[in-house]
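A.B. asks: My request is simple: use the sequences and hints to build the entire structure.
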Amino acid sequence: MTIEIKDVCFSYRNSKELAIDHFCMTIETGEVISILGRSGSGKSTMLRILAGLEIPEKGEFRLYEETMFDGKHFVQPEKRGIGLVFQDYALFPHMTVLDNVKFGLSHLSRTERLKRANEVLELVEMGDYKKRYPHQLSGGQQQRVALARALAPNPKLLLLDEPFSNLDKELQYKIREELYSILKRAQITSIFVTHDEDDAHTIADRIVKLDKGKITKIGRPCDMLGTPLKRPEVILK
Amino acid sequence: MRKLSYYLNGWTILSVIIVLSLLSPMLPIIGGLLAPSSENWEHIKEYMLQDYMKTSFLLVFYTAVGTIVIGTSLAWLIAQYEFPLSRFYKWALILPLSIPPFIAAYTYSGMMSYTGVIQTTLRNVFNMPVNQKFFDIMNIPGAIFIYTMFLFPYVYTITRVFLTQQAASLVESAKLLGKGPWAIFFKVVLPISRAAIIGGVSLVSLEVLNDYGVVKYYGIQTFSTAIFQTWFGLGDIDAAIKLAASLMTFVVLMLVVEKLLRGTKQFSYSNTKVNPLPKVRLTGFRKWGAFGYVTLIFCLAFLIPVIQLIDWFVLTWGAIPNDEFTTYIRNSMLVAGIASVVIIAGSLIVGNFQRFAKGRIGKVLPKFTIVGYSIPGAVIAVAIVTMFIWLDRQLGSLYSAWGLDSTLVLSTSVVMLVVAYIVRFFAIGYNAIESGYDKIGVNFSLASRMLGASVTKTFFKVDIPLLKGAIISGLMLVFVDIMKEIPLTLILRPFNFETLATKAFQYAGDEKIMQASQPSLIIIAMSALAIFIFYRLLDKEDAK
Ligand SMILES: Nc1ncnc2c1ncn2[C@@H]1O[C@H](COP(=O)(O)OP(=O)(O)O)[C@@H](O)[C@H]1O
Ligand SMILES: [Mg+2]
Chain X
1 MTIEIKDVCF
11 SYRNSKELAI
21 DHFCMTIETG
31 EVISILGRSG
41 SGKSTMLRIL
51 AGLEIPEKGE
61 FRLYEETMFD
71 GKHFVQPEKR
81 GIGLVFQDYA
91 LFPHMTVLDN
101 VKFGLSHLSR
111 TERLKRANEV
121 LELVEMGDYK
131 KRYPHQLSGG
141 QQQRVALARA
151 LAPNPKLLLL
161 DEPFSNLDKE
171 LQYKIREELY
181 SILKRAQITS
191 IFVTHDEDDA
201 HTIADRIVKL
211 DKGKITKIGR
221 PCDMLGTPLK
231 RPEVILK
Chain F
1 MRKLSYYLNG
11 WTILSVIIVL
21 SLLSPMLPII
31 GGLLAPSSEN
41 WEHIKEYMLQ
51 DYMKTSFLLV
61 FYTAVGTIVI
71 GTSLAWLIAQ
81 YEFPLSRFYK
91 WALILPLSIP
101 PFIAAYTYSG
111 MMSYTGVIQT
121 TLRNVFNMPV
131 NQKFFDIMNI
141 PGAIFIYTMF
151 LFPYVYTITR
161 VFLTQQAASL
171 VESAKLLGKG
181 PWAIFFKVVL
191 PISRAAIIGG
201 VSLVSLEVLN
211 DYGVVKYYGI
221 QTFSTAIFQT
231 WFGLGDIDAA
241 IKLAASLMTF
251 VVLMLVVEKL
261 LRGTKQFSYS
271 NTKVNPLPKV
281 RLTGFRKWGA
291 FGYVTLIFCL
301 AFLIPVIQLI
311 DWFVLTWGAI
321 PNDEFTTYIR
331 NSMLVAGIAS
341 VVIIAGSLIV
351 GNFQRFAKGR
361 IGKVLPKFTI
371 VGYSIPGAVI
381 AVAIVTMFIW
391 LDRQLGSLYS
401 AWGLDSTLVL
411 STSVVMLVVA
421 YIVRFFAIGY
431 NAIESGYDKI
441 GVNFSLASRM
451 LGASVTKTFF
461 KVDIPLLKGA
471 IISGLMLVFV
481 DIMKEIPLTL
491 ILRPFNFETL
501 ATKAFQYAGD
511 EKIMQASQPS
521 LIIIAMSALA
531 IFIFYRLLDK
541 EDAK
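Chains X and F are the protein sequences, given in the same order.
Residue numbers are given in this note's numbering: position 181 of the first sequence equals residue 181, and the series is strictly consecutive.
Residue numbers are given in this note's numbering: position 131 of the second sequence equals residue 131, and the series is strictly consecutive.
A portion of the hints provided could be inaccurate.
Stated by the list, open to error - Derived Cβ-Cβ restraints for the label pairs, each shown as a range:
1) Val256(F) to Lys16(X): 52 to 60 angstroms
2) Lys16(X) to Phe232(F): 55 to 63 angstroms
3) Ser21(F) to Glu57(X): 32 to 40 angstroms
4) Gly469(F) to Cys9(X): 49 to 57 angstroms
5) Val341(F) to Ser109(X): 31 to 39 angstroms
6) Leu176(F) to Asp7(X): 54 to 62 angstroms
7) Ala195(F) to Glu28(X): 49 to 57 angstroms
8) Glu57(X) to Gln165(F): 36 to 44 angstroms
9) Gly469(F) to Lys130(X): 21 to 29 angstroms
10) Cys9(X) to Ser21(F): 33 to 41 angstroms
11) Gln136(X) to Gln165(F): 56 to 64 angstroms
Honestly, the hints are just simulated from the structure, not real lab data.
Don't be surprised by glycine CBs; every beta carbon is placed ideally from N, CA and C.
C.D. replies: Shown next, in the form of structure tokens:
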């Protein structure tokens, strides 16, 4: 059971250069992958392609047995069963936390929907904030709600775009640890994008280094030579 | 694989249909250019066309100059300075837009006439009989005065918003370089606001070319009046179509000039919030100078005509039977209501298509929604009637099959008027909706789709609730514009169908100026209310 991404190429309409240049990799179930790269290297673009929000020029993407796209097929984003946590969270401002989380559960019955929503909210420790509106939450809380909302429908793959970038430094470390344990507890295959080496090294099982849309390296954090050692967080604090 | 993105979904199809239907009435006009010419047309072309062009050009040119002078000076004063009532004037200076020019036209000529308030006061109080010559405003300069006074807010608002939001840092640095206020105004403010000013002025010019009420009342021959005359007076619809086509050419030329004037150089500004201009508090002579100037404009462009109308309103209270009056109100609301709901619904669909369409048609298609707004009412009227008569012909056999006597069903119904409104005002609604979509961005909708909701479900569950503000303001703007509309309503309404605007126009035309004040005031009150709410909403959002 693997996720297969083969030879994906993509360029934006108004530019000639490839934003994604022959992206290839396979991912095992339960793995946490980090796409690491400088700003503008194509990380968000890659996530958007996997999510179905952009249409690649060529390439294939199989999520377990199902083809998401190849030369002939293209599955619309709402049919993919992939979760995406946006960089700015994109929590619906006109819905409460609970309604936000329930939004993706319309296939369940009412009681099941509520049960599942509560379950994931507990998982991210936001059970006490159900009735609040997104603007009444802090950045870290919003991030956890966004995570809960994406987790609720049990996606086959979870994508996170710079999950820590909107948080202040101190919160980043805390949330990073939490995210790690949540992802592991939920046993969910996930890809998260970051420009921060620390983030990648702390959470990821494997790191994909991206530069100008090309993969320059794939490997376990400990195999990533030539990268600065993980800074001891104790000193920073 | 890219071709997959062109996959025809319901949204694309609907949007294309909507935009094409907005454009289809224009076909007969374009066809009219090519059709063989009639005797009337030869005559018009030979003897009159030049005059129409000259008059229209004079009206547009001097109104443009007038609105630029008044609009930008006011925008600069309000954006930059503090003086007595300056906060009140910030939005009060938009109010002149609530007075349709034709209402202002008859109000002013009523005030200036021999029996009007000005001359009687001069005669009776000051014992000063006057030369009528100086009090005649029913001529080209008079019309220019009316247009300038009641259309300058287009230039004022666009320029003021631009100055407060975008120009702050440039003005600041000019100040730091030691420039005085006049130098800053002429050397910095005017050049950088060029695009904004021209944007405002082109709206003004379109309004002037669209106008029928003022020129008809003042007896000035323009394209609009000529189209109606040829059509109804001579009964020559082909010549009317040709005139309409010439006017459209005129408009297109004007828009080309506008593009050239705007220049290709776009000043680009970051979207990040700029600090608003810190206001300078004026003192002494300057303070009262600014106050006096702004107050003078406000009085001429709003206060005086409104007071005059209220005076007439009181004098003629009860002159129009109540039930008749309610009928006018109901008719106005009915047509304006239906048309604005249709426009907003259509705008929501095209707007939603536009923001997710990746191909070229997604970018180009919405641009065509503006066409109806750039085309003067007289032209649209000709176009719509031609189209509806054609439609009726096509459906003729159906009518007889249903046992209807008439062969003209659609073209004698209120449907024709509503369709004309939709064609003409679609752009107003679309603008409001599109900027609403811009404001909410695409991420909420994408998030919704990632959670398994289809585009359509997302539209109802996420987009519409988030767009509530834009929907309300769009509805309001369109509604009010339709309430004020004159040429389309006059020509396309069914027999005996009166609205507030047509009634005001008729009373004024029949020299029953005082009676005209009643429907007029209702139109003004509703427009003023809408403007007030709309700009308050905008202001609040700016402050956020
Ligand atoms: N909508 C777009 N249109 C055109 N180019 C884009 C668009 N979005 C991103 N790009 C370009 O594609 C490249 C990759 O962008 P992105 O994936 O957002 O980078 P990252 O997320 O790694 O910072 C950049 O060069 C960026 O300028
Ligand atoms: Mg990014």
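A.B. asks: Against each hint, give a clear statement of whether it holds in the structure.
C.D. replies: Do the hints match the structure? See the list:
For Val256(F) paired with Lys16(X), a C-beta distance near 31 angstroms fails the hint of 52 to 60 angstroms. A hinted range of 55 to 63 angstroms holds for the C-beta pair Lys16(X) and Phe232(F), which are about 58 angstroms apart. Checked against the given bound of 32 to 40 angstroms, the beta carbons of Ser21(F) and Glu57(X), roughly 35 angstroms apart, stay inside it. A hinted range of 49 to 57 angstroms is violated for the C-beta pair Gly469(F) and Cys9(X), which are about 41 angstroms apart.
Restraint check, Val341(F) to Ser109(X): a C-beta distance of roughly 36 angstroms satisfies the suggested window 31 to 39 angstroms. Evaluation of the 54 to 62 angstroms hint for Leu176(F) and Asp7(X) yields a pass: the beta carbon distance comes to about 56 angstroms. Roughly 56 angstroms separates the CB atoms of Ala195(F) and Glu28(X), a value that falls within the hinted 49 to 57 angstroms. In this structure, Glu57(X) and Gln165(F) meet the distance hint of 36 to 44 angstroms, their C-beta atoms being roughly 39 angstroms apart.
Between Gly469(F) and Lys130(X) the beta carbon distance is about 26 angstroms. The supplied range of 21 to 29 angstroms therefore holds. In this structure the supplied range 33 to 41 angstroms holds for Cys9(X) paired with Ser21(F), their Cβ-Cβ distance being about 40 angstroms. With their beta carbons about 28 angstroms apart, Gln136(X) and Gln165(F) fall outside the hinted range of 56 to 64 angstroms.
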